[in-house]
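Visitor: Residue strings, one per chain:
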Amino acid sequence: MPGPRDKKKRPEESKAEKEKKFELSRLSRRTMLKLTAAAGAGTVLAPMILTSRKSTAYAQGTVAEPVLCAPTPVPQSPPHTPFVDDLPVPSPAIPQFLSPFPTENANTAHGEAARDPHQRWAEFTPAVTYQLEARAGTHQFHRDYLPSYIWGFNGKYPGPTVLNAYGVPSLVRFKNSLPVTTSSFGTNKTTVHLHNGHTASESDGFAGDFFDTGLFKDNHYANAYAGIDDFGGFPKGDPREAQYTYWYHDHLMAETANNNYMGMNGAYLSYNQLSPPWEFNTPGSLRLPAYYGVTDIPLVLAFKRFCATDANTGRTEMFQVVGAAAPGTDKFTVNGKIQPKLSVRRRKYRFRLINTGVVLNWNFSLHGPDGAQKPMTVVASDGNLLHTPADVSATSGFPTIEVHVASRMDVIIDFSQFSIGDSVYLKENTQTPQFVSTPTPPPPAPGVPIGTVVMRFDVVGNAIIPDTPPIPDTLIELPPIPAAQPGGPFEWGFRFIPGQADGNNFRVSHSSIPEDNASHVATFLPFDPFRSDHAVLRGSTEEWIIRNDTLAGAWLHPVHIHLEEGRILERRVCTVPSATGCLPANRTPVAMPPWEDGNNARRDVYPVPGQHSLKIRLAFRDFHGRYLIHCHNMNHEDAFMMVRWDVVETMAELRNRREEINADRVARGDTPLYRKEELG
Amino acid sequence: MKRRKFFTSLGSDKPSNALRASVQGVPHAASPGPAIFTNALLRTHENKAVRFYDDLIKGKQVLINLMYATCESACPIVTANLVKVYEALKDRMGKDLFIYSMTVKPEEDGPEALKDFAEMHRALLPGWTFLTGDPYDLETIRYRLFAMNHIAIDTNIYGHTSFLLIINDATNRWLHVDPLASMSTVLRKISWADPPKSHEQIMEENKKLQEQIDRERKMFGYRMNA
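Sequences listed follow chains Y and P, in order.
Here the first sequence is numbered in our numbering, starting from 1 and rising by one per residue.
Here the second sequence is numbered in our numbering, starting from 1001 and rising by one per residue.
If we strip away everything but chain P, and leave its shape as in the complex, we get (with noise of 0.2 Å):
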């Protein structure tokens, strides 16, 4: 167990702003917008009414997951690993990287029980927000996002709560996790939509990298965690 507490620094290590921009140019498919997304107009926990693509989603990288407030199996669980990824990635949170929590039973759980939900769950948080509303919208918003194409899945809403999406809009990239994954698992996936490194830090990273292992060769014989 000990030894394992060494590599947690792996995700850390964050690209310097200057460093992203200079690979900013490579083109790619521009993000699709509220043709994918929609521009619903939905509801957060502090009863506040937000467009989803133009407030929540344009130009910012986030993390978007469903839950409603009174599920009993996968949304606590999933929702106390979020807390732990907010914790470990509290310098971004609320100015380039946000949570989404959205709800798939709008008709049960209005501002207030989501607030309730967020307050249980420590997770009243700023840059995490906890999103309702007309259930055809956000019916659309789950097929749109969430499709994993597969009538079983698609159709069970339960299916959907352990699901965690991983968009940064200004890139256009779009990757999932498991929650329920290793902390180090979901925080590397995380790490997989950032603006993109630098081919200097890339090296420099993998340098660190070698270093460790070579460490951890001294320490026990064998590689054990890097």
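For reference, chain Y alone in the conformation it holds in the complex (with noise of 0.2 Å):
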């Protein structure tokens, strides 16, 4: 209760003001009402609800949901104009402190989803706390389009960029904000998955281990090199492995392809002295294009459909089929828009190129004013820098660089080459041109159909920002390819089973004993989170191979494996194709471009055509727990084209879980899966 002394010091409110503010509070009531009546009562409780609740969760009802358009016939995108947006550059996340204080163990009381604790945490205490928040918001994708109903974090599309040093823990708070009731395409629960980071199983974002709305959980990441165990120093780990370029993004089991769709992935970006967030001399620096934004920007590409511009709700929607997998596509997007524009200057540039997906590749090449081919090149392959940086030319043998699902790579595209006032596009070589306008605008250059542009950048100037030194020859020194343990390899292998649904073929095996694919059809298990098909000794290698016994021409299956980078030994191709599998003796290798070969490149996306086999190398170092390789066509992975396997600690505990798989596969009319010697 005030006191008399209180009353005085407050200043008294005028009649006047007194009523206006009734007649404000009657009004808005007043409006409510008759909004309310016309939305129908599903509405009322909305604000009731807002104002009760403690959590701020609950707030994000008030982006409206989307009304979708008939899934048939398929729509075609609203038309747009080619270049009249500028290209946006996803704001860098900001550092904040975080209430409640991040703990080891998962702080249950507080919201945050249940976990494991932390592994490490004392080693690598985080110094940078971030928050990204999954919630509903609009995103504008093109000039002549209406906002669209997006889900993305902190309400952005694409997500905040996180910038971080190597040697700076840092952790990420997820939040989930997503709305409570959605008719929409996404499903508001999520898991997230820094994508490749060396990161401890709990923050790993494991499909299995998502969370509703209204918690969030502390994905911790230690921001060292793989290698800990082994190697000292500052950073911890060997610096040999440092990556350079991830993204982070939904792994929620089965509804990945709908909410990345939705827009909930982003740019995470590392530094160290190799590749520093500046230009200038600094020891061991290579130099190359840095500036975040400026002369270092991340290109975060995805497939999309719209429906038509509804006037009354206002929004331009992107196409859903609500209860159904991810749609086609028909219009290219460059973080967030249709066919940028982005001005530059004659000098070097970094572009980081992110495939978003959901489902389709890319194939890139750059093209000038006349249409011609020009050079870009390659510095680093899923995030990590090559040996030898490699051109993508005309001449250099490769004139195209493919992108697939979650791969990433960074190109240095040297403007000095053009002239001010030029235009060059950046254009995309197989799958079907982008929709554009009715009649189809003529081409921006010889050669170039408008449709197949993804962007455009005009040289503005000469640079202002001196240009960086020459790519240097030799990036990085490569760790050498690890020595594979005896035992293995193990084969995972897409099977070609006719009648059966796509990921019911997916499925790991012993390459010393063999079997044909018709006899072991009913073995064949979708993903199941509780289920690990594989289990790998901490500190130990494996040799894996990956093959694709579908035809060639069928899918292209892009597969990642979380927690370490592989090193590709070989890539071979079957000659005498066979829906049966191919026969080993019948499998050729293949030259492999520089970006992909183990010796000059560490990969975690691993694209696997029809009838090809990859053989690689992975070790498994620093964390234990459970980890997952599937297809990243999301697609593929949501029809469950996924596969847990799992880091033990121990001899004992191996023999335990290898005899376990082995004993399960047996008992559903399997081989097994190891053999005597290989149970540890």
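The reader is advised that the hints may include incorrect statements.
[As the list claims (entries may be wrong)] FRET-style restraints, in silico, Cβ to Cβ:
| id | chain 1 | residue 1 | chain 2 | residue 2 | range |
| --- | --- | --- | --- | --- | --- |
| 1 | Y | Val74 | P | Pro1126 | 36 to 44 Å |
| 2 | Y | Ala652 | P | Thr1140 | 57 to 65 Å |
| 3 | Y | Gln431 | P | Ser1073 | 29 to 37 Å |
| 4 | P | Pro1126 | Y | Thr575 | 53 to 61 Å |
| 5 | P | Ser1073 | Y | Ala311 | 47 to 55 Å |
| 6 | P | Asp1055 | Y | Val74 | 27 to 35 Å |
| 7 | Y | Pro117 | P | Pro1076 | 41 to 49 Å |
| 8 | P | Lys1208 | Y | Thr103 | 15 to 23 Å |
| 9 | Y | Ala311 | P | Asp1055 | 34 to 42 Å |
| 10 | P | Pro1126 | Y | Asn656 | 39 to 47 Å |
| 11 | P | Thr1140 | Y | Gln431 | 26 to 34 Å |
| 12 | Y | Pro433 | P | Glu1211 | 53 to 61 Å |
If you're looking for bench data, these hints aren't it; they were derived computationally from the structure.
The C-beta atom is built at its ideal place from N, Cα and C for all residues, glycine as well.
Got two chains here, each in a separate frame; can you build the complex from them with the hints?
Guide: Structure representation (structure tokens):
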């Protein structure tokens, strides 16, 4: 109760002011009643809940859900004018203090999602903390469009870019503030994977570790190089294992495509002395273009399709077939814009191409104003610097570069080869060209149809920030390809089984235990987060073969393996194509591009077209727990083309787990996975 | 195997109705109604005439799959799994949760054939309806509800037979699941279309999951299946 003194201190409100306030409140109440009457009883409760709830999570219902257009016939996206929007750069995430304070054990009392305690918490106490909140928002994909309903981190698409330095452990609090009730394409649960961080399992966004609206989860990123156990120093780990370009994205089991299509992803970049966030000369620096958003720009690529613009709702919604897989595409977006333009100066730029899918792969080439192909230099694949940079040009033997779903390619484009006033085009070569407008505008350059152009670079002047020196001939000394432990190799196969749905055809087997596809149809199991199909010992190295038995021309599966970067030893193609599985003698090695070859590159996405097989080597270091191998075509991973495998700590545990896996397999009429000597 | 029995309790916690009601008001797009579902006149395995939207879908939470009586590949396995789903969610079946199995070969499958199929698979259960009707209507429904927008899939009726659609018409929530996935996965996905839980309930379930993780860590030294 305020005493008389308090009353005196407060300025008296005049009668007129009081009346005005009352009138306003009455007005708003009246308007609200009118609105709710129009919108139906469903909305009446909303404002009450918003005010009565303590949790801010429930305030997110304020962005109206999309009114979706009919799924059949599939709509053509509205037309757009090319090259009118400037390429936006996702804003950097801003470090912030977190309340409640992050803890080693899950703080369930304050709403943290259940999880294992953080591994190596005391060793890598987070020095920087961020909060990224998944919530509904709107985003305008083009000037000619009205805003679209999206789900994004901090309500933005793409999400903020997290910028981190090696040696500075970070923690990102992913908060689920998605709508409590949703009728959209997405599912309001999430688990966020940092692709492809060397991350402990409980922070890795395991597909089964999803959490509900109103909860949050702290993902702890050590920001140390792989090999923490074996290498001291600062930052800890083997510096040759540095990774630079990551992206974080929703990994909700069975709904990953939908939630990513809704916009739940963003970039995460790491810096070290080799690739610092500046261009001036510092010890060890490669001096690549490095100013974020100025000369070093992430290009978050996504395929989309849109419904017709609806003036009543004020929206141009993304096309979604709710209850089904992610739809096809007829628009290409870069950083959330359709056919944007970027003003550049005559110097080098680093572009970090990130394919966020959700289903299709990109194939890029660069073309000048005369339509002639111009060179780009690949410096990193899947975020890992190449030993020797590789040119993508008409003469290098690699005229185009493929960026498969979830893959990243860092390319450097030197615009000093162009004149002021030139326009340069990034062209997509393999997908159906996007729909621009009717009639189709003429090609902006000879041989470059408008629908194939992803974005345009306008050379507007000479460099203001001095150009970086030429790209060094050697970027990084790669660690030696690790020797595999005896045993294996284990084969991860996409089998061809007529009549079987996708996802029931991906399984692990032992390369020395022959089997044909047909006799094991009944033993193919879809992904189950509670079932582990393979166990490996922490600190060990294994050879894995990833093979795709489906016929040539069928789906290319971009396979992703969590936790570790791998080295591709060889790629083989079947010379005697067979749906029942290729005999090892019929697999012939083929040449690999320099951004794939294990002697020059490290990868975490392994593209496997039909009838191909890849032999890779992987070390499993520093962390234990549950990890995944899956096809990163997100419709495929949602169809359970995904397998859980575990890293265990001790030989005894390994033996237990492997014996159990063998017993389970034999019990369902399958071959055992491990031979006696591999049981540990 | 034994360890796995632990977590089967996951799907069983049902939100109380009072708690559910408290979060129903957040605005969301209304069900498109017959505009998508159609209101076609269909016939059940009991030879009863029903309107697809008005009688079967409106305001309900339903599971829809496709089958045909003579199907010998996926349908029997899928139906067997659906029987397990039915057993697991028995308390709700016929009350706020329904299963509809629609034939893709209405020319062959009359109510009799469907009833025989249901009987054969022990699926003659309250709350589970097998449906046939005019081929044009059924095809329309199939395209509207199961459109995967891939011509090779949409024209191949067999490709549809292992696909379970989960719809809550009251909240206009649509999901799908591969019914051949593990039972815990199928039940989880069905629960994702349940009326929303209250914040308190989410917190409570999260606490329980943490307790389960801690229990497993104590027992095995690591998180096994939680």
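Visitor: For each hint, tell me whether it holds in the structure or not.
Guide: Against the structure, the hints come out as follows:
1. In this structure the supplied range 36 to 44 Å holds for Y/Val74 paired with P/Pro1126, their Cβ-Cβ distance being about 38 Å.
2. About 60 Å separates the C-beta atoms of Y/Ala652 and P/Thr1140, a value consistent with the hinted range of 57 to 65 Å.
3. At roughly 33 Å, the beta-carbon separation of Y/Gln431 and P/Ser1073 lies within the given 29 to 37 Å, and the hint holds.
4. Between P/Pro1126 and Y/Thr575 the beta carbons are some 58 Å apart, a value that agrees with the proposed interval 53 to 61 Å.
5. Evaluation of the 47 to 55 Å hint for P/Ser1073 and Y/Ala311 yields a pass: the beta carbon distance comes to about 48 Å.
6. A hinted range of 27 to 35 Å for the beta carbons of P/Asp1055 and Y/Val74 is consistent with their spacing of about 30 Å.
7. Between Y/Pro117 and P/Pro1076 the CB atoms are about 45 Å apart, so this pair conforms to the stated range of 41 to 49 Å.
8. For the hinted restraint 15 to 23 Å between P/Lys1208 and Y/Thr103, the CB-CB distance of approximately 19 Å keeps it satisfied.
9. As the Cβ distance of Y/Ala311 to P/Asp1055 is approximately 35 Å, the hint placing it in 34 to 42 Å holds.
10. Checked against the hint of 39 to 47 Å, the C-beta distance between P/Pro1126 and Y/Asn656 comes to roughly 45 Å, which is consistent with it.
11. In this structure the supplied range 26 to 34 Å holds for P/Thr1140 paired with Y/Gln431, their Cβ-Cβ distance being about 31 Å.
12. Y/Pro433 and P/Glu1211 have their C-beta atoms about 55 Å apart, which keeps the hinted 53 to 61 Å range intact.
In terms of the numbered hints stated before, the structure departs from none.
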